Structure formats: structure tokens, C-alpha cells
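Each chain, letter by letter, is given below.
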Amino acid sequence: MARKEYAFYPGCSSQKGASASNYLVSVESMCKTLDIKMTEIPDWNCCGASVSYAEAGELPRHVMNARNFALAETNLPGQTIVATCAACWLGARESKERLEHNSGLMADTQTALKEAGLQIKVIPEVRHMVEVLIEDLGYDELKKPVKKPLDGMKFAGYVGCQTNRPFGISGESFENPMYLDKLIETVGGEAVKYDQKVTCCGGALAFSEPEKAQGQIKDIIEAAYDGGAEMIVTPCPLCQANVEVYQGQINKRYGTKFDIPVLYYSQLMTLAYGGSAKEAGINGNVVRARKLEEFAAK
Amino acid sequence: MGDMNTQMADRYKNNFLKEIEEQAEMGEWVKMCMQCGLCSGSCPTNFQAGWDHPPQEIFMMIRAGKRDEVLASNSMWMCTSCYNCYVRCPRKVPVTHVMHGIAEYAYRIGRSPKNQPTQHLSKTFWDNCTKYGRVNEVKLTQTLYFKDGIGSGIKKAMEMQSVAMGLVKSGRLNLMEAVGGGHKCKDLKGIHAMLTKAKELEAQRKAAKATPAG
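If you're matching them up, the sequences are chains A and B in order.
Per the numbering used here, residue 1 is the first one in the first sequence, and the count goes up by one each step.
Per the numbering used here, residue 1 is the first one in the second sequence, and the count goes up by one each step.
Calculated from the structure, these hints are not laboratory results.
None of these values were measured; they are calculated from a predicted model.
Yeah, the Cβ is synthetic: ideal placement off N, Cα and C, and Gly gets one too.
Do not take every clue at face value.
[Unchecked claim] Estimated spans, in silico, between C-beta atoms of each pair: (1) A:171 - B:200: 41 to 47 Å; (2) B:63 - A:288: 52 to 58 Å; (3) B:203 - A:297: 56 to 62 Å; (4) B:179 - A:297: 35 to 41 Å; (5) B:200 - A:151: 31 to 37 Å; (6) B:151 - A:107: 37 to 43 Å; (7) A:141 - B:203: 48 to 54 Å.
[Stated by the list, open to error] In silico lysine-lysine, DSBU-like type, Cα no more than 30 Å apart, as pairs: (8) B:209 - A:121; (9) A:96 - B:189; (10) B:186 - A:37; (11) A:96 - B:92; (12) B:123 - A:96; (13) A:252 - B:31; (14) B:186 - A:96; (15) A:218 - B:156; (16) B:156 - A:96; (17) A:144 - A:278; (18) B:169 - B:189; (19) B:131 - A:16; (20) B:186 - A:16; (21) A:16 - B:18.
Work the whole structure out from these sequences, hints included.
What follows is the structure, given as C-alpha cells:
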């Protein structure tokens with residue numbers, strides 16, 4: 001039996017061939033080393049993300065998350081739901097909170113769920129992967145399997161919004177959360193100081209209003225360089241994609257020369273645990289992390 | 001559907017605050033705003049001069065009964081859901097949710113700005129993720145590019161070509177999703193039945209909340 005077991009909610013972007021598929025690869029490698037068993041919630045569906053608010057309305061949005069709660073409760077009884085995506089975590093937690101505090105909304109949700117042959121008894125706990133690492137294992141346990149510390153590498157820990165606000169990680173401040181810096185240090189890297197750690201990447205507006213979002217992304221990357229970072233690390237799939245894939249367009253628009261790799265914490269951990277480039281999913285980075293590729297090959 | 005906007009305006013007469021409190025999700029929080037402006041100073045889009053009115057101004061305009069200006073404002077649609085305002089508000093107003101709620105209401109009664117790109121994205125995203133239960137990223141992108149017609153769609157796709165190619169090369173964009181190879185939930189029938197029921201119940205709930213006309 002594994003050390004820890006959870007009901008896994010990977011989310012749309014983590015699926016094979018999707019924009020955060022390399023996040024999933026690295027999470028699987030990391031969990032294998034840490035002896036964490038993640039069982040996918042059977043037939044899970046999209047959380048609706050933040051931007052669907054206008055079309056979805058209130059109840060349909062919560063019902064989508066409620067379906068995942070019911071499926072987890074039925075198929076993986078007693079297990080906490082763990083999401084790797086910030087928006088999945090936020091959406092599901094928000095729905096859990098609203099349903100638990102509003103009996104009318106809950107009753108309507110049950111009526112809707114019945115149409116899919118489902119019902120909720122008790123909504124499971126909903127947590128982010130990072131919470132599990134920090135709270136259920138702790139930094140000391142995370143350090144134990146480190147075989148190859150990332151010595152001398154400088155990272156900007158980019159926490160962004162939705163793993164930080166409104167719920168955040170217990171005991172951390174909204175303005176200057178330290179957990180990501182601590183994770184970087186746990187695997188031997190150096191967490192640089194810079195002033196855009198919790199700035200928004202533009203979120204979904206990167207699609208609908210690219211100029212505005214790219215203005216914000218530019219500020220984040222610029223600050224990371226100014227802080228002396230060689231790479232950026234994040235816990236969120238949308239932060240990762242937004243900060244990574246538009247660098248070419250930002251360079252064109254602003255005349256900058258950005259070329260900074262953007263990684264997931266799980267990629268750093270996998271590499272420090274002795275994993276290969278493939279196991280860490282760094283072959284899935286658009287801005288190649290050459291330093292880490294060489295490090296992995298050593 | 002008739003004219004939802006006129007119906008609502010008649011029903012609430014000159015009490016726009018009451019209309020927002022009863023009809024917009026989290027609208028009951030508007031009266032808690034004490035006009036300190038911390039939300040506006042915390043908003044990332046504030047630095048881009050992109051909006052008509054900052055949140056606290058919207059809240060005061062609601063109290064002042066400026067119905068048309070509020071509903072047609074682009075301000076709510078600038079929200080990136082970063083939750084800065086939400087965690088900083090000294091009165092604990094869930095500003096992010098209130099802004100979403102007002103936006104949704106304006107959209108529902110047909111008074112929101114036309115061709116607003118984030119409003120379009122909201123619909124596109126929800127339609128996309130509920131059709132198969134999971135997001136199809138390729139189709140989502142296609143719909144967004146081609147919303148203003150073929151010509152502008154091709155232009156946008158060309159501009160984004162290097163971004164897309166980077167993702168394809170790194171295995172993070174599966175073009176097969178465009179031709180039906182995307183991820184799907186198994187129980188689509190159940191999901192669609194569940195959402196139809198949810199929509200029906202939501203409409204009933206909103207109607208029941210409204211005070212009788214006259």
C-alpha cells in the first residue's frame with residue numbers, strides 16, 4: 001500500500017496532447033518517488049474554469065463540480081480530491097464552499113445530479129497538489145529522496161494568483177507566500193528575490209485581450225531577469241503557458257529579448273530525485289530549459 | 001423571450017440596487033462597499049487604462065441608480081479572476097464574484113456591451129467544455145480566432161503560428177482534436193441532462209427571488 005492515497009482530478013489541460021501534458025508527466029514521476037498513489041476520478045469533467053461565469057451562471061457551474069464530487073465519493077470513498085491545476089482546485093473548492101453554506105443551492109444541485117444518476121452525501125475535501133506535499137509530507141520528507149540537488153541554479157518562484165488567492169496555502173500570506181521558494185530550496189536551487197511573485201499573468205484574458213495580458217506577462221518576466229533568475233517556476237498550468245509561450249510575441253511587441261524557461265515545481269523535483277528529462281517532461285517545454293537538459297543527462 | 005431588460009427595469013422601477021441585490025450573483029454585497037478604492041488600486045488591469053469605471057465606482061453607480069451605464073460598462077469584463085481585490089477588501093466584499101455576477105446579469109438580460117472579447121470567450125469556453133465534458137483546446141482556439149470572420153481568423157492564426165508550432169513540437173497541442181480526436185467524458189448524456197435541469201432550476205430560482213411587479 002502506498003504511503004498516501006488520493007482521488008486525482010488532473011483537469012483538462014493535463015490530458016495527453018493538451019497544454020499542460022508535461023505537468024502531468026512530471027507529477028506522475030514525482031508521486032512515484034514519494035510513494036503517493038493518485039487514482040483518477042473516473043469520468044471526471046471540466047470545472048468550468050473562472051472565465052465561464054457569464055455563460056454558465058451560478059447553478060450549472062456548481063453542478064459541474066458537484067458531479068466530480070459525487071463520482072469521487074462513490075468510486076473512491078474516503079479519499080481527498082487532489083487537483084494539480086490551480087483553476088480546477090479553486091473552482092472545485094469554491095463550489096464546495098457555496099454548496100455547504102447554502103442548502104437551497106445544494107438541494108437544487110442534488111436534483112440536477114439525479115438526472116445523471118448521481119448524488120452527494122458528504123463533499124470530499126478538495127486540495128491542491130502543493131498542499132499535499134507541504135502539509136501531508138513536509139519539506140523534510142520531500143528532501144529525503146533528493147539525489148541530485150540543483151546546486152547553483154537560480155529560479156524565480158512565480159506563485160501567481162489562483163494557488164495563492166482567495167484560498168491560498170495555509171499559513172502563507174497573500175502578498176508574499178514563501179512555499180514555492182522553500183520547495184526550490186528543498187531541491188537545492190536558489191530562489192531569487194523579485195517583485196512580481198504574485199502578479200497576475202492575465203489569466204484567460206491572454207486569449208481574449210492578448211495586448212493587456214502580454215503587458216502583464218512582460219512585467220513578470222522582466223522582474224525575474226532583474227532578480228537574477230535563469231528560470232521561472234510555477235504551480236499553475238495557465239501561469240506556465242502564459243508566461244512561456246508568448247515570449248516571442250512579447251519580444252516583437254516590446255523589442256525585448258526574452259528567452260527564459262518556465263517550469264513546474266514537479267519538474268524540478270523529478271530531476272532532483274534523479275529522474276530523466278523525459279520523466280520530468282522537460283521535452284515538453286516550448287522555451288527549452290537547456291541547463292536542465294544537460295543536468296538531467298549527467 | 002420578450003425583452004428581459006424592459007421587464008426587469010419595469011419590475012424594479014427606480015431601485016437598481018435592489019435589482020442587482022436580487023438578480024446578480026453576490027449582488028447583496030454591493031451595499032457593503034465603503035468606497036476606499038483598494039480594489040481598484042489592486043486590479044492588474046487598472047494599469048492598462050482598459051476599463052470604463054473601477055469597481056468601487058461601479059458599486060456607487062449602482063446605488064445612484066445609473067442602470068444603463070453600469071449594465072453597458074466594459075469594466076466587469078476586464079476581470080482576470082486574480083482575486084487581489086477579493087483578499088484585500090477591508091469590508092470582505094468578494095469583489096471578484098460581485099463583478100462576475102454583475103457581468104453575468106448584464107449579459108443575461110441583453111444589456112452587456114456587444115462584441116466584448118472576454119464575454120465571447122466566456123460563452124465559447126462554456127459551450128466547448130460542456131459539449132464533451134472536457135475542454136477541446138484546438139477547437140476553443142479555432143472558435144476564438146474566427147469569431148470576426150474567415151479573413152481576420154486566418155490573419156490571427158498566422159500571427160499565432162509560431163506559438164502554436166512551439167506547442168505542437170513539444171507535444172502540447174494535438175491537432176487531431178480538430179477532427180474529433182479530442183478528449184471526452186463517457187456519460188455525455190448524463191452531463192447534458194444534468195445541465196439542462198440546472199439551467200431550468202436556476203431560472204426558477206432567479207424568478208422566485210424577484211419581487212412581484214407593481
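Hints, one by one, checked against the model:
With their beta carbons about 43 Å apart, residue 171 of chain A and residue 200 of chain B fall inside the hinted range of 41 to 47 Å. Checked against the given bound of 52 to 58 Å, the beta carbons of residue 63 of chain B and residue 288 of chain A, roughly 54 Å apart, stay inside it. In this structure, residue 203 of chain B and residue 297 of chain A meet the distance hint of 56 to 62 Å, their C-beta atoms being roughly 59 Å apart. Range check, residue 179 of chain B to residue 297 of chain A: about 37 Å between beta-carbon atoms, so the 35 to 41 Å window is met.
Separated by about 60 Å at the C-beta atoms, residue 200 of chain B and residue 151 of chain A break the suggested range of 31 to 37 Å. In this structure the hint that residue 151 of chain B and residue 107 of chain A lie 37 to 43 Å apart at CB is violated, the actual value being about 50 Å. Distance hint check: the CB atoms of residue 141 of chain A and residue 203 of chain B are about 50 Å apart, consistent with the given range 48 to 54 Å. Of the supplied pair hints, the one linking residue 209 of chain B and residue 121 of chain A holds, its CA atoms being roughly 27 Å apart against a limit of 30 Å.
Among the hinted pairs, residue 96 of chain A with residue 189 of chain B is consistent with the structure: their alpha-carbon atoms are about 24 Å apart, no more than 30 Å. Annotation: proposed proximity of residue 186 of chain B to residue 37 of chain A holds, straight-line Cα distance about 24 Å (limit 30 Å). In summary, the hint linking residue 96 of chain A to residue 92 of chain B is supported, as the alpha carbons are separated by about 19 Å, within the 30 Å threshold. For the proposed pair residue 123 of chain B and residue 96 of chain A, the alpha carbon gap of about 23 Å is at most 30 Å, so the pair holds.
The straight-line distance between the Cα atoms of residue 252 of chain A and residue 31 of chain B is roughly 45 Å, outside the 30 Å bound, and the hint therefore fails. Of the pairs offered as hints, the one joining residue 186 of chain B and residue 96 of chain A holds, with about 24 Å between alpha carbons and a cut-off of 30 Å not exceeded. A C-alpha spacing of about 21 Å is found between residue 218 of chain A and residue 156 of chain B, which places the hinted pair at or below 30 Å, so the restraint holds. About 39 Å separates the Cα atoms of residue 156 of chain B and residue 96 of chain A, which puts this hinted pair outside 30 Å; it is violated.
For a cut-off of 30 Å, the pair hint linking residue 144 of chain A to residue 278 of chain A stands: about 22 Å separates their Cα positions. With a C-alpha separation of about 35 Å, the suggested pairing of residue 169 of chain B with residue 189 of chain B is violated against the 30 Å cut-off. Under the criterion of a C-alpha separation no larger than 30 Å, the hint pairing residue 131 of chain B with residue 16 of chain A is consistent with the structure, at around 19 Å. At roughly 17 Å between alpha-carbon atoms, residue 186 of chain B and residue 16 of chain A fall within 30 Å of each other, so this suggested pair holds.
Simply put, residue 16 of chain A and residue 18 of chain B have alpha-carbon atoms about 48 Å apart, too far for the 30 Å limit, and the pair is violated.
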